[in-house]
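Student: Residue-level listing of the chains:
There are 2 protein chains.
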Amino acid sequence: MSDPNCLFCKIVRGEIPAKKVYEDDEVLAFHDIRPVAPVHFLIIPKAHVATLYETGEAHRPALGKMLALAGELARQQGAADGFRSIINTGRVGLQEVYHVHMHVVGGPDPLGPMILRRK
Amino acid sequence: MSDPNCLFCKIVRGEIPAKKVYEDDEVLAFHDIRPVAPVHFLIIPKAHVATLYETGEAHRPALGKMLALAGELARQQGAADGFRSIINTGRVGLQEVYHVHMHVVGGPDPLGPMILRRK
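Protein sequence lines, in the order shown, are assigned to chains V and D.
The first sequence finishes on residue 140 if you use my numbering, and the numbering steps up by one all the way, no holes.
The second sequence finishes on residue 140 if you use my numbering, and the numbering steps up by one all the way, no holes.
Pulled out of the complex, with its shape left as it was, chain V reads as follows (with noise of 0.2 angstroms):
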């Protein structure tokens, strides 16, 4: 449930800091420390799992308070008028931390492209 050498993990355990924006028992969401956009944050399920290959039935419960906290969440966070929810996975979907992670982007002007891997 727990990687002891997952970042994500570590931030879900308290072993990092994180500037959180809403945290219950399955999910956290913390902003993301290199923003793109006026909002940037992500959602993640407070259990491991690596990427959404590995998701099934177990994490439906997490994946579905994911999608549909989203947009109350980002209205919060001041994107009232619309934003972006990304999952990336494996290579060619870029992702760089290998725990399951919602980006969530918005701001007061339309999104154009966006990559979201910074390296």
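The hints are simulated quantities; they were obtained by calculation from the structure and are not laboratory data.
Derived DSSO-like pairs: lysine-lysine, alpha-carbon spacing no greater than 27 angstroms straight-line:
hint, chain 1, residue 1, chain 2, residue 2
1, D, Lys41, D, Lys31
2, V, Lys86, D, Lys86
3, D, Lys67, V, Lys86
4, D, Lys86, V, Lys67
5, V, Lys67, V, Lys31
6, D, Lys31, D, Lys67
7, V, Lys41, V, Lys86
8, D, Lys40, D, Lys86
9, V, Lys67, V, Lys41
The structure presented is a predicted model; accordingly, all values stated were derived computationally and were not measured.
Following the hints, position chain D against chain V.
Tutor: Chain D only, in chain V's frame:
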């Protein structure tokens, strides 16, 4: 639950054809008519909901299934090495059809920026 004038509700009701990828009682997946990558399909909840701003607890099961299925369906469609799953919401997010839909976009090569609005 179904909007008589919604394009995606018409696809759910079979009034407009679509190349289906997956279907059950809650969700439907079908190929995007204007693909931006070798693999590009949409996953939608069958019940009409305009945007992620309108989703709540009742929508979680279908939304969770959409995300938990994305990897398996992407692999079946030929995107076994990565993909992106993107939901565009509202004006700023450049949403085109006002029925929640998740783009699943993948292919053999790493994905660059993509705007997913083709007007």
